[in-house]
Amino acid sequence: MVRYLTLLFLVVITALPVNLEARGILPMISTEKFDWLPTECAHRRYPMRLIDGHLTLKNGSSLYVPAKAIIDNGWGEIGSTHVVGKTMKALPVKLTVTWFSFTENRFFSGEFTLPYQNILEYFRTVTSKSPKGSPVFNSVIVGFGPGGAVSVWVSSIGSSVEVGNYKANEVALNWKMVTESEMLRTDYIDMVLRDSLTPLELRTLKERGVPPGISDYYSKQYRWSLQVIGQKNRELWLKTLNGEEEYFDFAKSINARTSRGLPKSLVVYWEDNVGEKLGADVRFDEAEINAAYKKLSAEKTDHAMQLKLEISDNPEVIHTSLNDGKYVILLSKTVVKAYSRR
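Following this note's numbering, the numbering of the sequence shown begins with 1 at its first residue and continues without gaps.
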């Protein structure tokens with residue numbers, strides 16, 4: 001009887017002279033679901049306030065993008081986490097957002113189609129690599145940048161990939177959508193900026209304003225690879241200025257990616273010649289790293305370069321440099337903090 005009903009259902013579906021996908025029937029039947037949550041981010045130096053944000057999912061349902069009052073947690077970083085919707089959810093196909101930029105004193109709004117197939121491929125990959133029975137903590141991160149910039153990342157443990165970069169339009173909205181405070185608009189903005197920015201950053205902002213093209217600067221990618229030499233059993237987690245994170249396991253696999261954002265920081269693990277497990281947090285100087293990449297590439301994003309780390313016998317000393325096979329630039333302002341992993 002069950003088999004008969006199943007066959008009858010398939011015959012009816014095949015015979016229907018309607019667009020089932022448009023009616024929302026096929027997505028409900030075939031849409032893959034994963035365990036994930038939405039979250040938000042913004043640059044620390046460019047705080048934002050999310051007025052409204054929603055992700056439309058493949059099956060037609062929607063989830064709101066959570067946010068604290070002031071968003072300044074860092075570009076590409078996980079922000080607020082609200083347990084919303086069912087544990088297993090369809091993936092997003094559209095983003096609708098409205099927000100306020102404190103450094104620009106402007107509202108922005110936009111609706112964007114998301115690259116569903118790219119998002120689906122990422123979630124399939126991280127799920128397949130997870131040990132059976134182990135939880136996979138996934139996020140869809142929505143970022144708000146100056147000039148109406150919007151970025152979307154998909155993220156799992158040790159990995160984050162930017163899947164979309166968009167531009168919202170400036171809109172005129174009522175200030176009460178930002179706050180019900182009786183403070184003057186200018187006073188409230190000054191209060192937020194004093195909390196988010198250092199005195200030097202605040203002074204620079206007042207003198208120069210938001211740098212033109214700053215969002216394009218952070219999203220720009222160059223053609224470069226990573227080489228780590230010295231010691232053994234090395235593995236590394238890299239964070240880039242465009243908010244992405246990559247994992248490198250030099251013993252088991254080769255990272256085939258060729259283009260990525262400028263390096264921001266990394267964590268590297270290794271074992272020394274007596275088997276002691278060590279690690280280091282490495283942070284690059286943004287101005288130095290940007291100048292080095294610009295000089296070697298001559299602003300050509302397809303110019304091949306290599307970031308090199310040399311781990312010495314002294315764990316506090318990791319030499320960093322950038323080269324293009326012809327010229328080498330030493331990165332002397334890189335900060336290294338080593339530690340034991342006992």
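Hints are computed from structural coordinates only; laboratory data are not their basis. Some clues are possibly wrong.
[Said to hold, decoys possible] As a list, the in silico BS3-like pairs of lysine-lysine whose alpha-carbon atoms are at most 30 angstroms apart:
#1 176 / 252
#2 300 / 326
#3 294 / 94
#4 94 / 176
#5 167 / 300
#6 220 / 277
#7 86 / 206
#8 333 / 129
#9 308 / 333
#10 295 / 337
#11 68 / 176
#12 232 / 277
#13 252 / 129
#14 220 / 129
#15 295 / 220
#16 277 / 295
#17 295 / 252
#18 294 / 277
#19 33 / 86
#20 68 / 206
#21 326 / 295
#22 277 / 167
#23 167 / 220
#24 86 / 220
#25 232 / 326
#26 94 / 33
#27 337 / 252
#28 129 / 206
#29 277 / 129
#30 167 / 295
#31 129 / 94
#32 333 / 277
#33 337 / 294
#34 68 / 167
#35 308 / 326
#36 206 / 94
#37 232 / 252
[What the hints assert, rightly or not] Okay, the calculated beta carbon distance ranges per label pair:
#38 276 / 213: 16 to 24 angstroms
#39 180 / 225: 46 to 54 angstroms
#40 209 / 169: 13 to 21 angstroms
Just so you know, even glycine gets a beta-carbon here, dropped at the ideal spot from N, CA and C.
Where does the structure disagree with the numbered hints, that is, which hint numbers, in rising order?
-> 1, 3, 6, 7, 8, 16, 17, 18, 22, 24, 28, 36 and 38
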